[in-house]
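Okay, here's what each chain looks like letter by letter:
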Amino acid sequence: MSTETEAVEAPEPSYLAAHRGWKSWAFSVDHKRIAVMYLVATTLFMIAGGVMAGLVRIELFTAAGDLLDADQYNRAFTLHGSIMVFLVIIPAAPAVLGNFVLPLMLGARDVAFPKLNLASFHVYMLGASMLLMAMVLGSFDTGWTFYTPYSSTTVGPVAWALTGVFILGFSSILTGLNFIVTIHKMRPPGMTWLRLPLMLWSMYATSAVQILATPVLAITVLLLIIERSIGIGIFDPTLGGDPVLFQHFFWFYSHPAVYIMILPAFGIVSEMVAVHSQRSIFGYKGIAGSSLAIAIVGSLVWGHHMFTSGQSIYSSVLFSFLTFFIAVPTAIKVFSWVATMYKGRIQFTPPMMYVFSFLALFMIGGLTGVVLGALSIDVHLHDTYYVVAHFHYVMMGGAILTYIGGLHHWWPKMFGRMYPMRLANITSALVFISFNLTFLPMFVVGSRGMPRRYYEYIASFESLNQIATVGAICLGASLFVTLGYLIYGAFRGEIASENPWNAKSLEWQTASPPIEHNFHYQPTVSSTPYDYDGAEAEEEQKVAEASK
Amino acid sequence: MGASHHASDQPEWVAPFFESAEQQRSAASMGMWLFLAQEILFFSGLFMAYIAYRWLYPQTWLSGAEVLNKWMGAANTVVLLTSSLTMVLAIRDLQLKKTVMAVRWIWITVGLAGMFLVVKAFEYAHKFHMGIFPGSHYEGGAVEGMAGVFFGIYYTATGLHALHVVIGMGLLGWLAMKIRNGSVTAENDVLAENLGLYWHLVDLVWIFLFPMLYLVK
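Chains G and B are the protein sequences, given in the same order.
Quick note on numbering that gives the first Met the number 0: the first sequence kicks off at 0 and runs consecutively.
Quick note on numbering that gives the first Met the number 0: the second sequence kicks off at 0 and runs consecutively.
If you are wondering where the hints come from, they were derived from the structure by calculation, not from laboratory data.
Don't be surprised by glycine CBs; every beta carbon is placed ideally from N, CA and C.
One or more of the hints may lead you astray.
Said to hold, decoys possible - Going by beta-carbon spacing under 10 Å, a handful of chain G positions derived as facing chain B:
(1) 112
(2) 180
(3) 214
(4) 215
(5) 216
(6) 230
(7) 241
(8) 251
What the hints assert, rightly or not - Between beta-carbon pairs, the in silico distance windows are:
(9) 32/B to 189/G: 23 to 31 Å
(10) 140/B to 25/G: 53 to 61 Å
(11) 26/G to 140/B: 52 to 60 Å
(12) 334/G to 206/B: 44 to 52 Å
Chain B with its partners taken away, still in its complex shape (with noise of 0.2 Å):
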């Protein structure tokens, strides 16, 4: 084939249909944001359905508001936004070389989210405790009007979000074995950038449902 559609001179790492690194790593960085905005709109169907439920049933959401545990939700969000913290952490310490402390920042990245998942389960095997089920399963009693409607958004909306920390927790694992084994390195670095972002984005929908579902009068 011509010598000329690929530059030999390129790094291993560079697939052989991009002239450059720097092709390589935009097109990357391109994909991965196009991704966020369709994940974006995966998650406002959930919003407008709350926006719709919140404008028909005002009553029950107010009363439904006061039976979700807002400390344990506040601490979640702490959690969540430290886990952030974290990640930019593991992503600055790869572009320093400093490899160890990587793989380390990023494990303690996983420890958080499975911290957040562990304060879920709680609050969810309280709610279930009273009788809290989602739509027709509703037996809880303490709140007025559409209860079920209400725990459903409620319980569909974290629940979607809890499936993309774990998937998160599967991906930030699998770039700790890439940094390791040297596939991801300084220099070749877009998939940690983009599994930061990735990250960046469960924290901001949690950051959005948390006042939403917890906290708005």
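Okay, chain G solo, but in the shape it has when bound (with noise of 0.2 Å):
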């Protein structure tokens, strides 16, 4: 890539030091500052949702129901589970990574719509305390999936939860349509759509589904509301509704929402995969495009959560297809991910590391999810605990682990400073083996029938459980050192350069961190930002000299 520089008059605050004050801050409409407070925001909530998933987990240490009442266990998981699904991961990445690198990485000195970016950050701050009042005004213990007829005759604060989710849905609409936008409209002179950042397709592919599949659970969450405050018969069977309809509703949004979640892992794991192996990353157009297959096909595959509903078997054939069918372009990814490492000059930096547990939890996360996808299997395996597992793996290996992967690649850049990298080294792993110590035994007892969602179980299963639940201890334990460490690291760590990891996509070209403006001058691009062998460039030096 190369870059056209200007004198540099004087040298300029960076982002975090150009203003003072809490106003400048809850205020900003700088996506440097929202994507800050995003991070700050989402990390606070990550531990609550911890807190409820070890509550969970340590009540299940024993067969026998003792440390909470079903009540009580019905109520911390339904939290643990909107917790970490609607405050944590569905904006983490986005919100949080996306925010912060993607004008960067497009050399633009902001998104396109900065109010807007705002307005996003606050009402995603209104819909989360309305979910968390839920918490405090009793018992919430339907679930994240809020199914009827359960949810809509329950009493109790569900109508608080779902008008905050509701609200927290116009937040990641806002963001997605907001990204789409300035993907579009506000590339530099130069990058052409096949030389975007990997990180930027499936940012664009994420924020498509943001855009259709959300909306779809707002009209669902608000016909439930309706539903409970006046009966208007469209979902509670007594009144004639179809309570099945909700559930085609309800994962018509949320199944894509998986994908919301794990495609900005896709595009973390793409660039910290060529940029800590110094290798042009392989197969970029495959890499690009399954993005968007996957966008396509995943928002067609929701019956596969309903194979024992009821569903016509018709349907559910096709929803099996279309179920196996979406491991194709996720193959695609794999293989180029790995294929790329092959030959390079492989760094064992932390994003590395994360990289590596990455593509083991992913590979064991996906290929359940094919095993679920089989009919047959699926009437066995319906709600027991390899389902918890497999999501598990998904959403927890694949999505929030490669996110902490991502925060340590660009942290340097976030906040100027490094954190310690041997210790950051030595924490991955103890994540990674306390992740597969928490839930590995979950394949196992699920295989054999433990149901998931009940406080007790029989007691044939209990050592596989306090095998977990250690495991759960040592897992939390370990994310608590690596927030200190990056805690640490974003205040007294050691000093970074522009570019530690000599990277070449634009969000490296400019300071750490950078400037309130972001660049000096209007950067240029000649290449795609993995031209590590220097192929491509060579390449337009023959088509300018042939056109000489």
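Two chains, each in its own frame: build the complex with the hints.
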């Protein structure tokens, strides 16, 4: 990549130092400050959701229900699920990393609609407080899936939680809209679609799903709120409604939502694997195109959540086929990442450790998903711990741990300081080991028939559950160490250079941390950001010479 | 900061992070189209529910449509279609720099929207009078089968549409102010274009709701 530089008159303060006082944060329209605010908020919510997970795991340490009673247990897993899904995984990668790096990768000064970006954050906080009010106000125990008829008849502050989810949806839609317009309209000179960093291809696919699927969730929860308040009979079977229709509506959003969660992780891995192997990415077009294919096909597989809900067997066959099919674009990505490492100069940096971890965990999560997509097997495994293990491998092992890896990758850019690398490497290994200790046993108990969402279970599953609980405690501890050294790094770590990883995308060509207006000059681009062997630059030169 | 990042010969209504007025305009326009796409998906949930329950309870749907007042629905369709026309005339006059006329056409559009809501209110009042309430509160008796579900969908769909009309009236009033104080002009007219698009969508949703609920046999 080449850049045109201009003389810089005086050193400019970074975005962190440019203004002071809480108002300069809370009402900032700077995408970098908004990203940092999202970072703080999602981290706090992740701790809250993690505490709930801890309660669930400690209760399950023994087969008998002793720590929590049934009602408290229901509330604990409901809060764990809804906090982690709606407040952490869906917003974290797009709103933190996406917000921070998207305009920088485009060499732009900001996103297309900075005020809308700030509004998304405020709307997010409003929705989050509504959802958390449900926790304070009483027994919110429907599970994050809000299945009718239980959710339409149970007493308790379900409407608060639903209103929170409705409001959070706006935040998600507005962020997606902002990103798509920014990628379309604000690319720098020379950045054609096929020179777009892969992070941006996956943010584009994510945003498309956010815009097209989230409004369906909005109308679904709105109908449920109306059903609860005046009983319009749309989901309540006693009034003539069809609870399975709710499941269709809900999963029409919530299955694509798992791609809102995992697609940004694909982008993060694509960046990290190329930079930390110092190698041009293998199969650029395959990785970019498969993100779009996943976004499209992923919107057509929602029925695989309902194989046992009495939907037509012909629909089930189609949904099962599409579920198998989605493994194809996903596999294209995984093979491309592995091929990128081949003959690369692999750096054993913390982001690379998270790439290794992602490849292993996502493979397990993805392949068990194919198992669950098989009609006859799903009848046995539906609503067992096998499903719980599967989606934690994808959602936590795939999405959250990769998001944390992405934080390690962009941390020196965000804060201009490096965290202790050795400690980070060791901790990432501990996270990986304790993650497997927690969730691998669940595949075993699940396939033997242990159902999810019960606070007690038969004694023969006890030893495996105890392993899982010990693993969960180790996992929580390792993640707290990670949080500790990242915070230490941000404030006290060694000063990082502009480009500590020798990366080629545009965000690494400005100061660390970036100045308020991102760049002193308008960057231009003449190749993909993965041109480590210089092949593309050579090609460019040949074309230029030939045209002379 | 680098002067080259933002050419200083831009009109002052171009935000500093855009390279040109054209870039700002096309970004705003694309943002609006994406917003409309999500609006359509929002309403699609209601259309889907309508289709599913029409399939389950065909007889209820037939007799439910008979109870709705076709003439009032038709009158409202004419009112909304006319308001779309006056909105287009407003934008055209704005672009021809006839500011006073543009503002006048916008207020006429708002007036027609108000007229739509008045007719709607009469319809609702008449139904309530007959005991036709949504869902479990239904006491009408005139409709066979699951009348509560039909009228649940009727009230929710037309109610959400009416809410969009109210929001549109507010936005159009705001646009009229902005034209009058000179912050929306013939050159910088993308806000007017975008609100026009929104208004046409509100119109379009009704164009689907009216035949589905009132007419289809």
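To see whether the hints hold, each was checked on the structure:
1. 112: OK, holds: residue 112/G within 10 Å of chain B, min 6 Å.
2. 180: holds, 5 Å
3. 214: holds, 4 Å
4. 215: holds, 6 Å
5. 216: holds, 9 Å
6. 230: Interface hint status for residue 230/G: holds (4 Å vs cutoff 10 Å).
7. 241: holds, 7 Å
8. 251: With a minimum Cβ separation of about 8 Å from chain B (threshold 10 Å), the hint on residue 251/G holds.
9. 32/B to 189/G: 23 to 31 Å: holds, 27 Å
10. 140/B to 25/G: 53 to 61 Å: holds, 56 Å
11. 26/G to 140/B: 52 to 60 Å: For residue 140/B against residue 26/G, whose Cβ atoms are near 56 Å apart, the range 52 to 60 Å holds.
12. 334/G to 206/B: 44 to 52 Å: Holds, since residue 334/G and residue 206/B (Cβ atoms, about 49 Å apart) stay within the stated range.
Checked against the numbered hints listed earlier, the structure breaks none of them; every hint is satisfied.
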